[in-house]
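K.L.:
Given next are the chains, with one letter for each unit.
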Amino acid sequence: MSYEPIWSGIIACYLFLAGLGGGAFITSAFIRWRHPEAVRMRVYGHIIAPVTVIIGLVLLMFDATAGLHNPLRFALLLSNFGSVMTWGVVFLGLFVIVSVIVAVLDLLHKHIPVVLDIVGSVLGVCVAVYTGCLLGVCKTFPLWNNALLPILFLVSAVSTGMASVLVAAIIRHPEEFNRVGVLKKFHFCLPIIELVLIASLCFITYQDTSGAGAASVAKMIAGEYAPAFWVLLILVGLVLPTALETRMLFFSSREFEESRKAHWISFASDAGVLIGGFVLRLLILLAALPITMVVPWV
Amino acid sequence: MTRYGMLINTKKCIGCYACRTACQRQNGLLPDEAFIRFEEREQGTYPAVSVEHLPLQCMHCEDAPCVSVCPTGASHIGPDGIVTVDHGKCIGCLYCVAACPYQVRVRNSQTGGVDKCRFCNVSNYENGTKMSTCVTACPTGVRIFGDLDDPDCELVKEINRTHAEPIAGDVTKSKVYYVR
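Residue numbers (the working numbering), protein chains in the order written: chain U, 1 to 298; chain B, 1 to 180.
Extracted from the complex, chain U is given alone in its bound form (with noise of 0.2 Å):
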């Protein structure tokens, strides 16, 4: 028979989300810790996060037909603490509330505690590892029950929170983006290190005993899905970012850098990071294979 996936489009979107706000939160703390001139980069990765954030809630709790036509069972999300989502559902409840009261001081112009800022960081490095977790503990799927997942979901969400931030200066201001050197270093770097999670992922799932494993990466990098992995996920997502920050940040003038033909080329650059992340996750959600599936009977 064949494996239809349980979770598809809309988990995907929320898992993006999700991690993409934990990391724009993470962004902005770091801008305003190493770059504090970028004030309009800062407001835009606080209003980014918290709005990402409740986008995908609301995706999830529009997934979850049962609890939308009930929502008083929504409260119930709270009583089995051996469940991750339980987790998940704490981590984002208090990421919600610590981003939206950063996200009204900044845009009041009022001070922001540092403390609510490694809070909010902490809290969004904790959603983003979660979205790996919540797949990770299905023992019987071999692509998600490792412990690299987390990982590759924390880089690919500073990462895709730190592209959209980026955007968002390409686009309104540009003299801050100029000025964030520090941060494009980071960014850059991550990418590199995700084509190496993968990589790691996709061999040690491979080698899974079962044969499920084999037979989740194979779907993934030879089969059906082979086209979205190798050229929206690897070139688009991980290479190309790669290869244009390379030239951006190592081999260009000052002046090219900060003409508005090399923003654009950022944005492509960021654009592909986001398109990435993405697909990163739709393709980890339709290609896992139970190991159920391939003991002999069927």
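Calculated from the structure, these hints are not laboratory results.
Careful, some of the hints might be misleading.
Under the rule of at most 20 Å between Cα atoms (straight-line distance), these lysine to aspartate or glutamate pairs were calculated in the EDC-like manner [what the hints assert, rightly or not]:
{"hint": "1", "chain 1": "U", "residue 1": "K139", "chain 2": "B", "residue 2": "D63"}
{"hint": "2", "chain 1": "B", "residue 1": "K173", "chain 2": "B", "residue 2": "D147"}
{"hint": "3", "chain 1": "U", "residue 1": "K184", "chain 2": "U", "residue 2": "E257"}
{"hint": "4", "chain 1": "U", "residue 1": "K139", "chain 2": "B", "residue 2": "D147"}
{"hint": "5", "chain 1": "U", "residue 1": "K139", "chain 2": "B", "residue 2": "D170"}
{"hint": "6", "chain 1": "B", "residue 1": "K175", "chain 2": "B", "residue 2": "E165"}
{"hint": "7", "chain 1": "B", "residue 1": "K175", "chain 2": "B", "residue 2": "D152"}
{"hint": "8", "chain 1": "U", "residue 1": "K185", "chain 2": "U", "residue 2": "E37"}
{"hint": "9", "chain 1": "U", "residue 1": "K185", "chain 2": "U", "residue 2": "E175"}
Chain B: place on chain U using the hints.
P.N.:
Chain B in isolation, oriented as in the chain U frame:
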């Protein structure tokens, strides 16, 4: 302690789907909602070939992934070891559907909640309630329901005689045994 389980002898199964239909009637399921899923496989080499019919349903695992992932406590293990969904608590997040390795949980298209085999045979087994269950409806006697902890019951004797095993080994400590 009572530990309800079932034996499914696929060698007797003719693939008539009577069990699935009986289950839908007994449990008042929607037409598109079936707790029993059939897999079919051709086996052997010509000319000695046959088709294996394999009915799959909730295995009522002792180590149930659906229960451990359920965030609202809707999926739980009842006192007799029966994995149950509390329909008043389910939000339809489908975490259990994703976690179930046997792919036997279904979403009710009207309520959005998740459901699956309820081991309703227990009423028939305990006090002889007349029911149209998968066990009673089967024309070839594929299924036996009983208490796995009772060495004298027909279920345990038949499991021992046929060397029946859970479909995927001891992955989740399943309580549905298969002869194949």
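K.L.:
Identify every previously stated hint that the structure contradicts and give their numbers, smallest first.
P.N.:
4
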